[in-house]
Structure formats: structure tokens, C-alpha cells
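If you want the building blocks of each chain, they are given just below.
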Amino acid sequence: MADVNRGNRPLSPHLQVYRPQLTSITSILTRITGNALIIGALLVVWWFIAAAKGPDYFALANGVITSWFGDLVMLGSVWALWYHSLAGIRHLIWDSGRGLEIESAEKLGWAVIIGSLLLTVLTVAVV
Amino acid sequence: MRILTDRKRAEGLGAAHRGTEHHWHMIISSAALIGLVPLFVFTFGSALGRSHDEVIAYYQQPFPAIVAVLTLLVGFIHFRQGVQTLIEDYTGGMTRKVLIICMICLSYAAAATGLFAIARIAL
Chain A
1 MADVNRGNRP LSPHLQVYRP QLTSITSILT RITGNALIIG ALLVVWWFIA
51 AAKGPDYFAL ANGVITSWFG DLVMLGSVWA LWYHSLAGIR HLIWDSGRGL
101 EIESAEKLGW AVIIGSLLLT VLTVAVV
Chain B
1001 MRILTDRKRA EGLGAAHRGT EHHWHMIISS AALIGLVPLF VFTFGSALGR
1051 SHDEVIAYYQ QPFPAIVAVL TLLVGFIHFR QGVQTLIEDY TGGMTRKVLI
1101 ICMICLSYAA AATGLFAIAR IAL
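So the sequences go chain by chain: A and B. Just so we're aligned: 107 in my numbering is position 107 of the first sequence, and the numbers increase by one with no gaps anywhere. Just so we're aligned: 1092 in my numbering is position 92 of the second sequence, and the numbers increase by one with no gaps anywhere.
Isolated chain A (complex conformation) (with noise of 0.2 angstroms):
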């Protein structure tokens, strides 16, 4: 790899730099909820197997997640499981070649902040 020129690279961007951009943060945002989607999982995993093993078992598990504390977890569940699946369209629109223009990319970034907020509100009031 000696004869690479090195010195006419595009650089990377530098996060302490970086001016934060619709595109960047919607983004960012996509991996941090598909990444924390881990926590509502588990604890939905948790109450299907405390309902499988009786009465008692799930009054705990039913309890710890319909607290108040529950409830933060799973409206931030839902909204990062709608924010994240918005954005994965987003990905697969990318995918196929369309919406890569930086003014259609920011259209798609508002659609997935607006829409998930817009099917948060939807979940609150129908379940």
C-alpha cells in the first residue's frame, strides 16, 4: 500500500466539528432507537414468560411494567420502534437509488420525525 497517495483524500468529518445537520441527526437517531428497542424487547419478553408461568409471577411483571416508571419505558419504546421503522423505509428507499438528493433526504428526515410522533399519539390513543 506504499504507492497510495495519501495526501488528496476527502476527510472524514469530525464529530467535535461537525455542524449537526437534519441528515446527520436523523441518523444518529435511527441507531440509537434500533439499539435501545433492546430494553422494551426484553421486558416484553419478560412479561410473555411471566404469563406463562402463572397468576402470581405475572402480577409482578404486569406491575413493574404498567407503573409509572413502565409506562415512560414503553412510550419510549413505541416511539423509538415507529421513529426506527420510518427510518428503516427510509433505508430501503435509499437502497433501491431514489431520495438521495440532500432536499428530498431532509423531506424524508422530517417525514420520519413528524410521522413517528404523529403513530405515537395514534398508540397512546387507541391501546
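Any given hint could turn out to be false.
Cβ pair distances, simulated, as ranges [stated by the list, open to error]:
hint, chain 1, residue 1, chain 2, residue 2, range
1, A, 106, B, 1054, 41 to 49 angstroms
2, A, 72, B, 1039, 23 to 31 angstroms
3, A, 55, B, 1017, 51 to 59 angstroms
4, A, 96, B, 1060, 37 to 45 angstroms
5, A, 20, B, 1027, 38 to 46 angstroms
6, A, 56, B, 1095, 36 to 44 angstroms
7, B, 1095, A, 32, 19 to 27 angstroms
8, A, 32, B, 1042, 22 to 30 angstroms
9, B, 1085, A, 17, 22 to 30 angstroms
10, A, 97, B, 1039, 24 to 32 angstroms
11, B, 1085, A, 18, 30 to 38 angstroms
12, A, 20, B, 1017, 34 to 42 angstroms
A few chain A residues that don't get close to chain B, going by computed Cβ distances all over 10 angstroms [to be verified]:
hint, residue
13, 23
14, 42
15, 76
16, 104
17, 113
18, 115
19, 118
With the Cβ distance kept under 8 angstroms, some of the chain A side facing chain B (calculated, not the full set) [claimed, not checked]:
hint, residue
20, 8
21, 41
22, 48
23, 52
24, 55
25, 78
26, 85
Derived by calculation from the structure, the hints in this document are not laboratory data. As the structure is a computational prediction, the values presented were derived from the model and not from experiment. Virtual Cβ for every residue (Gly too), placed ideally from N, Cα, C.
Place chain B on chain A using the hints.
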């Protein structure tokens, strides 16, 4: 005339010659989850907060039980692949290997636990 297709040129790239495989499998699981996630949110949501008897009766119906099984299974496979990318981006060496193995074990353990629980409720 070049008769190589785009796919043929992308196949076999990456250090392990499987660079496109992970990406393709993320596309498959995310496409499946687009359908599963709304179904799961509204079926699970209507069961959450009810009494134990009502929850058991609800998940003895085929539709909510199958939706829950598929969502947990595909969801944890999707997580197992997604978290691997996260770990690969920020860690290296032995830490990376240990973390990837731990998260794969956690994903399959959680999926198996959820599936066992729903099978036990439903059957």
C-alpha cells in the same frame, strides 16, 4: 461488450468476501418487520394492562400469537445483525469479538424465551 451484472460485481466484496450478504439480510428482515411491527404494536397493546386470565385467553387465539412469535423471532434476528454493525463501528480486537458473541447469544436466548412462553400460553 460487458455482460457482468451489477449484482455480479458486488458479490464477494469485503475482507471475508461476504460484504453484501449482511446488508441483504438486513433488507429482508426490515421488509418483514414493516408488516409485523404495526400488527404487533396494536395486538400486544390491546393485551397489555389486562388481567392474567384475559391475557391468556387473548394469546390462545391464533392471530395475536402468530404475530407475536414472528415479531419476536424476526425482530431479534434483525437486532442481532444491527447491533453487530454498531459493535464493529466502535470497538476492535478481542472486545469486538466478545461483544458480538455476547449479543448474538442474548438475541437468540431472548427469542427462544419469548417463543417458548407464547407456545406455552397458546397450546
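Exercise for review: Against the earlier hints, flag every one the structure doesn't satisfy and list their numbers going up.
Suggested key: 5, 11, 14, 20
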